[in-house]
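So you can see what is in the structure, the chains are spelled out below.
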Amino acid sequence: MSGAALSVAGARKAFGGLIAVNDVSFDIGQGELVGLIGPNGSGKTTMLNLISGALRPSAGRISLAGIDISGKPAHAIARLGVARTFQLVRVLPSMSAIDNVIAGAAFGHMRLWGSEARQMAEALLERVGLGGRAAAPTASMTYIDQKRLELARALAGEPRLLLLDEWLAGLNPSELRLGIDLVRDLRAEGRTIVMVEHVMDAIRSLCDRCIVMSSGAKIADGAVAEVLSRREVVSAYLGDDDA
Amino acid sequence: MSAVSAGEIRVGLAGAVVVALAACLPLVDQGFYLSISVNIVLYAALCTAWTLFSGPTHYVSLATAAFFGVGTYSVALWIDQLPFPALVAGGALAGAALAGVVGVATLRLSGVYFVIFTLGLAELVRQIVTWAQAKFTTRVGLYVFTDFTEKHIYWMLLALAVAVFLAGWLINRSRLGFAMRIIGNDETVARHVGIDTARAKILLFMVSGAFIAIAGAISAPRYGYIQPPSAFNPMISFLVVIMALLGGTSRLWGPLVGVVPFVIAMDLISARFPNHMPIVMGLAFLAIVYLLPHGVTGRLEQVWTRLRNRRALAVGAERTA
Ligand SMILES: Nc1ncnc2c1ncn2[C@@H]1O[C@H](COP(=O)(O)OP(=O)(O)OP(=O)(O)O)[C@@H](O)[C@H]1O
Ligand SMILES: [Mg+2]
Chain B
1 MSGAALSVAG
11 ARKAFGGLIA
21 VNDVSFDIGQ
31 GELVGLIGPN
41 GSGKTTMLNL
51 ISGALRPSAG
61 RISLAGIDIS
71 GKPAHAIARL
81 GVARTFQLVR
91 VLPSMSAIDN
101 VIAGAAFGHM
111 RLWGSEARQM
121 AEALLERVGL
131 GGRAAAPTAS
141 MTYIDQKRLE
151 LARALAGEPR
161 LLLLDEWLAG
171 LNPSELRLGI
181 DLVRDLRAEG
191 RTIVMVEHVM
201 DAIRSLCDRC
211 IVMSSGAKIA
221 DGAVAEVLSR
231 REVVSAYLGD
241 DDA
Chain S
1 MSAVSAGEIR
11 VGLAGAVVVA
21 LAACLPLVDQ
31 GFYLSISVNI
41 VLYAALCTAW
51 TLFSGPTHYV
61 SLATAAFFGV
71 GTYSVALWID
81 QLPFPALVAG
91 GALAGAALAG
101 VVGVATLRLS
111 GVYFVIFTLG
121 LAELVRQIVT
131 WAQAKFTTRV
141 GLYVFTDFTE
151 KHIYWMLLAL
161 AVAVFLAGWL
171 INRSRLGFAM
181 RIIGNDETVA
191 RHVGIDTARA
201 KILLFMVSGA
211 FIAIAGAISA
221 PRYGYIQPPS
231 AFNPMISFLV
241 VIMALLGGTS
251 RLWGPLVGVV
261 PFVIAMDLIS
271 ARFPNHMPIV
281 MGLAFLAIVY
291 LLPHGVTGRL
301 EQVWTRLRNR
311 RALAVGAERT
321 A
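Quick note, the sequences are listed as chains B and S, same order.
Residues in the first sequence are numbered consecutively from 1, following the numbering used here.
Residues in the second sequence are numbered consecutively from 1, following the numbering used here.
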């Protein structure tokens, strides 16, 4: 499937004896918004880390629109147009909000700088709901605002592939609604997105397709409603030790 | 990054006035004040160059003596064959090359290993030079005879200090400086926005090493007779770290705040207790690390933000009242 925006074939990551990602394969089409779900510790974040280059795969091949990126350093992968947010939000605490966003634009494949970068960053701050807060110090921002800022930074690179790691986690119901709308807008723009999420309502309302991981392995891949009703998926979630 | 701000122009003009005044010093005095001022501008250049790299990366480099000595030897080896400016340029290239090699080899190491390695490096280069001299020549040292007097050296070092400041200012405004600030905040984020962090650090280390080598090259005629122990004196490395940390490394002009009082104090102390310098240095180092972990400028900034917050609180209280 050479038309895939992202293609993962037999990806594997072992931490010593623990196999966090076990021979996982999938393709993501251009403009698709795919949910990556699974119980805690099933290897979702590790899978994103392999794609973004935060970790080197122990085996397997990951390619971006046909270009092999497995084992490339994170900065090289970012320059090919992959951007991400982190499960534990990471802002640049000593820098202003706008500089946080410009950081995402200045070194990626766009390499924006100067007034061009500022304009783009201001528009993105507006878009994620931080309009007028360009000069705000980021260390003292609320959790939701830091998450918004991180998304703006990821978008600043005009990513060809956006990886969201539980970007909706920890939001209250009204924030969640705003967050879901924002992701839906991104999708409508035709962006290719992989989102790791525990909020099932978000997966149901946003994704057409989801991939389920359990103990490092892919156990299901298909239309959301159908996949979520499969027995093995339900039992992975409600597993032996769960209530 | 953007246009030069009014504040930057003011600082630039004030700096130009200070430099112009400083440049007039040799016309007034050619003795004690000139000689102590040579040391001040020398360490101002060295510490600012050191901070170009170590400030944003927080890597403590003890390789200053290695770069300095490489610069000194670049002049000493060929002073009879080549013009002085060419030798200074050669020294800069040699310093940058050494920094590049060291950077590639060590910047992937964590902080502590880097410190140890750089300390060892200065010693290693010194041993190699000593060995090479014994092997290929019959002399222990090299004479550097030039027409330069103390005031020429002073002017050259002053020009170097200005160049280091300008370079630092330009870097801060550039993509490289922006990248370094991101790396200082969060290296993982830096990599994920597309910054080749190793390359950025190596580049900056090379710039810093080149400037330090130039300082060594300019200092060669001042020594007159060059031997490995004086050119590669580890004391230089330690002094640079102490003074830069005393001033503070988060601002370009931070080290300068440490250099001026420290060089003067060092001069007074070494005149009175010539054998106690290492003890004084050790105590100074401990005092800085314990009492002023972010240097004088860092402390001043803390006080300033606290005052500002208090004022903001007071204003806020008035509004709500
Ligand atoms: N750097 C690491 N070193 C060692 N083990 C790791 C590392 N990163 C993750 N693991 C382990 O790999 C497994 C998968 O972790 P991962 O973070 O990918 O899970 P996850 O699906 O994202 O879970 P969650 O939903 O809790 O975020 C876990 O057992 C975890 O402890
Ligand atoms: Mg996770």
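FYI, nobody ran anything at the bench for these hints, they're computed from the structure.
Every residue, glycine too, gets a C-beta built ideally from N, C-alpha and C.
Just so you know, not all the hints are guaranteed correct.
Computed list of lysine to any residue pairs in SDA-like fashion (alpha-carbon distance at most 20 Å, straight line) [unchecked claim]: (1) B:K72 <-> S:V115; (2) B:K72 <-> S:G141; (3) B:K72 <-> S:E187; (4) B:K72 <-> S:A198; (5) B:K72 <-> S:V104.
Estimated spans, in silico, between C-beta atoms of each pair [said to hold, decoys possible]: (6) B:R111 <-> S:G12: 56 to 66 Å; (7) B:Q119 <-> S:A271: 54 to 64 Å; (8) S:R310 <-> B:E189: 42 to 52 Å; (9) B:A188 <-> S:L93: 16 to 26 Å; (10) S:R181 <-> B:G131: 18 to 28 Å; (11) S:R181 <-> B:Q119: 15 to 25 Å; (12) S:Q302 <-> B:G114: 56 to 66 Å; (13) S:D267 <-> B:G131: 49 to 59 Å.
If you want the footprint, here are the derived chain B segments under chain S, 3+ residues with CB under 8 Å [as the list claims (entries may be wrong)]: (14) 80-90; (15) 157-164.
### Message
Are any of the numbered hints broken by this structure? If so, which, sorted upward?
### Response
Those not satisfied are hints 1, 2, 6, 9, 12, 15.
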